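Those protein sequence lines, which keep their order, are chains A and B. The first sequence lines up with residues 1 to 158 when you count with the numbering used here. The second sequence lines up with residues 1 to 98 when you count with the numbering used here.
Check each hint, because a few of them may be wrong.
What the hints assert, rightly or not - Each computed DSBU-like pair below joins lysine-lysine, with the alpha-carbon atoms no more than 30 Å apart: (1) K55(A) <-> K86(B); (2) K61(B) <-> K55(A); (3) K130(A) <-> K86(A); (4) K83(B) <-> K55(A); (5) K130(A) <-> K83(B); (6) K49(A) <-> K86(A); (7) K61(B) <-> K49(A).
As the list claims (entries may be wrong) - Negatives, chain B to chain A, calculated, CB over 10 Å: (8) P8; (9) E18; (10) V85; (11) D90.
Hints listed in this document are in silico derivations from the structure and should not be mistaken for laboratory results. Nothing here was measured: the structure is a model prediction, and the numbers come from that model. Virtual Cβ for every residue (Gly too), placed ideally from N, Cα, C.
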Amino acid sequence: MKLSDFVVADSILHDLQVGSKEEAIRAMVASMKAAGSVSAEEEESIVNKLLEREKLGSTGIGNGVAVPHTKHPSVDDLVATVAIAKEGVEFESLDGGPVYILFLLISPPDRSGDHLRGLENISRHLRNQKFCSFLRQARNREDIVELLREADNNELDD
Amino acid sequence: MYGIMTGPLRQNVTVNHEQGMHMIPCSRIAQLVRDAACEVRIIRDDQTADARNILDLLMLKAEAGTSLVVESEGDGAELILAKVVKLFDDGFEVDSES
Numbered sequence: 001m002k003l004s005d006f007v008v009a010d011s012i013l014h015d016l017q018v019g020s021k022e023e024a025i026r027a028m029v030a031s032m033k034a035a036g037s038v039s040a041e042e043e044e045s046i047v048n049k050l051l052e053r054e055k056l057g058s059t060g061i062g063n064g065v066a067v068p069h070t071k072h073p074s075v076d077d078l079v080a081t082v083a084i085a086k087e088g089v090e091f092e093s094l095d096g097g098p099v100y101i102l103f104l105l106i107s108p109p110d111r112s113g114d115h116l117r118g119l120e121n122i123s124r125h126l127r128n129q130k131f132c133s134f135l136r137q138a139r140n141r142e143d144i145v146e147l148l149r150e151a152d153n154n155e156l157d158d
Numbered sequence: 001m002y003g004i005m006t007g008p009l010r011q012n013v014t015v016n017h018e019q020g021m022h023m024i025p026c027s028r029i030a031q032l033v034r035d036a037a038c039e040v041r042i043i044r045d046d047q048t049a050d051a052r053n054i055l056d057l058l059m060l061k062a063e064a065g066t067s068l069v070v071e072s073e074g075d076g077a078e079l080i081l082a083k084v085v086k087l088f089d090d091g092f093e094v095d096s097e098s
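Start from the sequences, fold in the hints, and give me the full structure.
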């Protein structure tokens, strides 16, 4: 599984400017809707599921990274988007720090294996300091798409 | 009593949660061991995860039924090993939601 298999390029936000976790999640889902990967009718339901999931424990996992995610019956396959918040967003992270890199995942309810593979894939790349550093320096969506491609091809490995 | 240097303590566990080790179980493990004085590792075959690191744990990609080894070494290793094993036995104390 590669990032490009499930990250919807047209929904990537290279300059997310929001004041809260909820605003970040709303902006990312809205961008997925605009890119056609989630339907307008399901947008609010997906946002609510993501916010409910956050109540179980923040997906801000430390080191400036958050991976909000949920399962939702309206998607047939794992879909994801990426956002970079250069100013940082308060996310109730485990280490207390703001998040700068957000990967948001939505997976079908009956595919826990794909869900784990998607999380594993993202985790593997987020452990790479070069990948995270370059993501935070991205000037536009194309920069991020190119970085995801390079990560998929292991061109950023130390 | 534990003054003599010994190797790491190990115990086999099985992922006892139908959704596998997704982010909440991984977070629970990381939070449990965060303040421990000893090293704690979760091992799947030839892959070793630092139990404090959620990204490491997610990379184990451990689905329901996967056999893992919990390993601890250092001060308080015995107690933390028992706590981590109990967390696995209890299905991470989470519902099936992601």
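So, going through the hints one by one against the coordinates:
no.: 1; hint: K55(A) <-> K86(B); in the structure: holds (24 Å)
no.: 2; hint: K61(B) <-> K55(A); in the structure: holds (23 Å)
no.: 3; hint: K130(A) <-> K86(A); in the structure: holds (16 Å)
no.: 4; hint: K83(B) <-> K55(A); in the structure: holds (24 Å)
no.: 5; hint: K130(A) <-> K83(B); in the structure: violated (35 Å)
no.: 6; hint: K49(A) <-> K86(A); in the structure: holds (26 Å)
no.: 7; hint: K61(B) <-> K49(A); in the structure: holds (23 Å)
no.: 8; hint: P8; in the structure: holds (23 Å)
no.: 9; hint: E18; in the structure: violated (7 Å)
no.: 10; hint: V85; in the structure: holds (21 Å)
no.: 11; hint: D90; in the structure: holds (16 Å)
The structure is inconsistent with the numbered hints 5, 9, although it conforms to all the rest.
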